[in-house]
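As you go down the protein sequences, you meet chains A and B in turn. Quick note, the working numbering runs 538 ahead of the 1-based positions in the first sequence. Quick note, the working numbering runs 1310 ahead of the 1-based positions in the second sequence.
Read the hints as simulated data drawn from the structure, not as lab findings. No experiment lies behind these values; they were computed from the predicted model shown. You may find that some hints are simply not true.
[Said to hold, decoys possible] Within a straight-line C-alpha distance of at most 25 Å, the following computed DMTMM-like cross-link-like pairs (lysine to aspartate or glutamate) qualify:
| no. | chain 1 | residue 1 | chain 2 | residue 2 |
| --- | --- | --- | --- | --- |
| 1 | A | Lys541 | B | Glu1484 |
| 2 | A | Lys747 | A | Asp834 |
| 3 | A | Lys716 | A | Asp689 |
| 4 | A | Lys541 | B | Asp1425 |
[What the hints assert, rightly or not] Here are the computed distance ranges between Cβ atoms for each label pair:
| no. | chain 1 | residue 1 | chain 2 | residue 2 | range |
| --- | --- | --- | --- | --- | --- |
| 5 | B | Asp1425 | A | Lys893 | 33 to 39 Å |
| 6 | B | Ala1471 | A | Lys710 | 55 to 61 Å |
| 7 | A | Met729 | B | Leu1419 | 23 to 29 Å |
| 8 | A | Ile859 | B | Ala1433 | 17 to 23 Å |
Just so it is clear, CB atoms sit at the ideal spot from N, CA and C, and this is done for glycine as well.
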Amino acid sequence: MKKIISGNEAIALSFGDSGGVFASGYPGTPSTETLEEVARLGEVYCEWAPNEKVGLESAIGASIAGGRALATMKHVGVNVAADALLTLNYTGVNAGLILMVADDPGMHSSQNEQDSRNYAKFAKIPMLDPANSQEAYDFVRDGFEISEQFDTPVMLRTTTRISHAKGVVEQKEKIEPKIGPWVKDVPKYVMLPNYGKIKHVEVEARLLKLQEFAETTPLNRVEMGERSLGIITSGVAYQHVREAYPNASVLKLGLVHPLPERKIREFASLVGRLMIVEELDAIFEEQIRAMGIRVDIGKDKIPLCGEVNADIIRVAAGDAIALGSAPIAALPQRPPIFCPGCAHRGLFSILSKLKVFVSGDIGCYTLGALPPMSAMHSTICMGASISAAHGMAKVNEIAGRSEKPVAVIGDSTFFHSGMTGLLSMAYNNGNALVIIMDNRTTGMTGGQENPGSGRVLQGQPARQVDIVALVKVLGIENVVELNAYNLAETEAAIKKGLETPGPYVLVDKNPCILRYRIKQPVIAVDPEKCTGCRACLKAACVALGLGAAAAGERAKVQVDPNICNGCGVCVQLCKFDAMSEAKGRG
Amino acid sequence: MDIFNIVIAGVGGQGVLLASKVLAESALASGMDVKQNEVHGMAQRGGSVISFVRIGKEVFSPVVIPGTADILISFEPLEALRYVHYLKPGGMLVYNKVTINPSTVASGLATYPADVEDQIAKACPDAHGIDALSIARAAGNDKAVNMVMVGAVMKKLPINAGVVEGVVRSVSKEKGIDVNLKALNGGAAA
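Bound conformation, chain B alone:
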């Protein structure tokens, strides 16, 4: 069974769903079967968000089981830690190092783990942190963090980078194409 499992995690409002869409559309454009799934609803209100993209010759379940993901892309360090158990042994983690306080921390009920990056490194030997916000800002829009994150894993996917670029063009609004492509390539170079 040659299924490539991608898990994308983040915080509601960060653009996890668009990143998932780009990956799924890229797989389809590459002639592969694909299933993509995330949970909407309550997650929109700043909650934790998790999305799955499964790529292969024939994909059955839309759900990635913990312990089987090839790549985990996390838009936030604490969320990387929350979902790192989805990775299979030897799986790769790419995460955005910019933290966002959960409401439990913002209201003083909990403390953000100061050693979050150390904990990530301990949990996953193949973890790579990038400052996706700075790269997005340099590309021209703070909100392009999602494209930076896609770019950061682009070369690790069973998909041609050119196909991903084409999909980013097609899903972007006219005026956002340049920014999104810059963000994508900025992520790829990080």
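Chain A extracted, bound-state conformation:
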């Protein structure tokens, strides 16, 4: 039966159809829906790990115990899991193991644009790069076979336009899971130097065997057409190539590491101009040039940054000017912002007012960096809010500056890699205020379960970690609960945290209103009392707006009752008592 599904859904479906036994990972756009779909399909055990390293390590254990395993993550997640990956490549696998990584060219929802193909090269392991949903489905099955045949982990790489694009998929016959024996094998799985030295030699030999495999596998296919232009490409870039040049000769790589040198050499000899179309880094191009093959069009014409499209390819080949037309300039931007009713709005209203340095983190609260709040001053990676604040505080101390930094981090990010930073702060006698926004979900990626939410991925009730107790046990003496909807209380609590020497932690426990579908009575404005001073607009809430101004008067604020969630932050910002108090929340 044909169905139209996304690349992520196709990977999940194929995992169940290809004998999958265990899946783990950490949410991250554009990879998140893969594990969610495994859970929805309900055929295979799956779980959210607190971070990508734990997810991959658990998948390694599953493979050692004989079950086909899948670990899913976004590109930057592989940085976290890299410690495991760069030794897993030595041990190899028992049952097949696939690491699915979703890259984000164009940075639709990411902090960088790293190209995961570098990891396959770095780890000397095979990588598959599907070009549509059908290939995403097929490559999971191929990946398990390659993994088991060559005793290696396999990386399955998608990009946003593969993970989130929907295309037609035909399902294959289901392979029932077979769980293999759980065998003790010290030289294979214990990477002491003596065993590691033997394994490194095997890794290099395996790579040569994989190179031979790459020469003959149908995963790499030549589509001969007109011979004046030959294009080597992979992944979604293949689709853009076909869009631009339906009749060109194409070497389409499905296995993007290691490269098939003889096949590339032969293809290059058959075509006039050789063009390489790859998104992000010049991974193919550098290797192909190193083979001594002439490349006529490559990264000199195709940008290293952002996504590729058919227009870019046509222009690079020098055949046409872009069809594209330019957008209308100077329209008001519509950036994402805290949802109406979100507790982050209260917190950032105060942080903005106090003008403190905020060391930020990855999550919905990163939006606090945008105007008008402009109350986040560094955001590096998962967990860095706390550890970076610690470093800032140490330098402030050395410099004799009295200002104390504020770290802001969410619950899921705290579990992911904030805990170790806080442990360091307690251990190394740090001096920062840490605010943990515990909304009981992994919010930015759409509301996934986590160790604090009380449920696991497959829905069953789970042990719920007590963040306050956890913070105390890490060695923090001052831990105080916060209600960020109450601005006066929040301001007082932050000031106290800043004045008290040493590490100080505030924990807000208001749940995510989107995830838990919380709706409060809406706010009304009294037009008699509203002076049009705009103080409430600093809340940056899309439920607020200015009405038409009467002659000689300032425009007054209006609340859109369809959007307002009644959190009451704007009520507290109003100096003229013009907004009615929301009920039901302290």
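Using the hints provided, position chain B relative to the given structure of chain A.
Here is chain B on its own, set in the frame of chain A:
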């Protein structure tokens, strides 16, 4: 290359993705190849959302290039203006006239263009504005704006309207079927 390109624009939370799904499923049910693509993530938080549906005998890229769309469906006037350059010369725009303030306007950093409809008419000669919210409300649910918008373009697609109705039935929850069909037909009559 006979590819029919549809761009759907709106604001996070308006149901752009479900509308895209209905169009893509309808194309598949009509025996055509289809690719549908949108960007998730940050867009969910009230940001600008854009989605592509490409229909044809064989569709390669999931992305519509600016200047090549046959139809732009926009759930909000400012978003119509933001993406009108996706239309090919002679392309058609159908938009919902009900405005939603972006956060930049709500926080007083920018002003919503008062002449948004004039600007749209200037940018696209074949533009049609409808009050999708009133039609959705009359159908029984404010949130059915997405079905109204699908209905409004239904007759302009290389797909039989009956197929679209069937898909709306299949993607709707049991109790929402009637409302969604009313909204769809309300949009078609607008």
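Structure-based check of each hint:
Under the criterion of a C-alpha separation no larger than 25 Å, the hint pairing Lys541(A) with Glu1484(B) is consistent with the structure, at around 21 Å. Pair hint Lys747(A) plus Asp834(A) does not hold up; C-alpha atoms about 30 Å apart against a cutoff of 25 Å. For a cut-off of 25 Å, the pair hint linking Lys716(A) to Asp689(A) stands: about 17 Å separates their Cα positions. For the proposed pair Lys541(A) and Asp1425(B), the alpha carbon gap of about 43 Å is over 25 Å, so the pair is violated.
The given range of 33 to 39 Å is respected by Asp1425(B) and Lys893(A), whose C-beta atoms sit roughly 38 Å from each other. Remark: the range hint 55 to 61 Å for Ala1471(B) to Lys710(A) is contradicted by a beta-carbon distance near 34 Å. Distance hint for Met729(A) and Leu1419(B): a CB-CB separation of about 55 Å, inconsistent with the stated range 23 to 29 Å. Distance hint check for Ile859(A) and Ala1433(B): the Cβ-Cβ separation is about 21 Å, which falls inside the suggested range of 17 to 23 Å.
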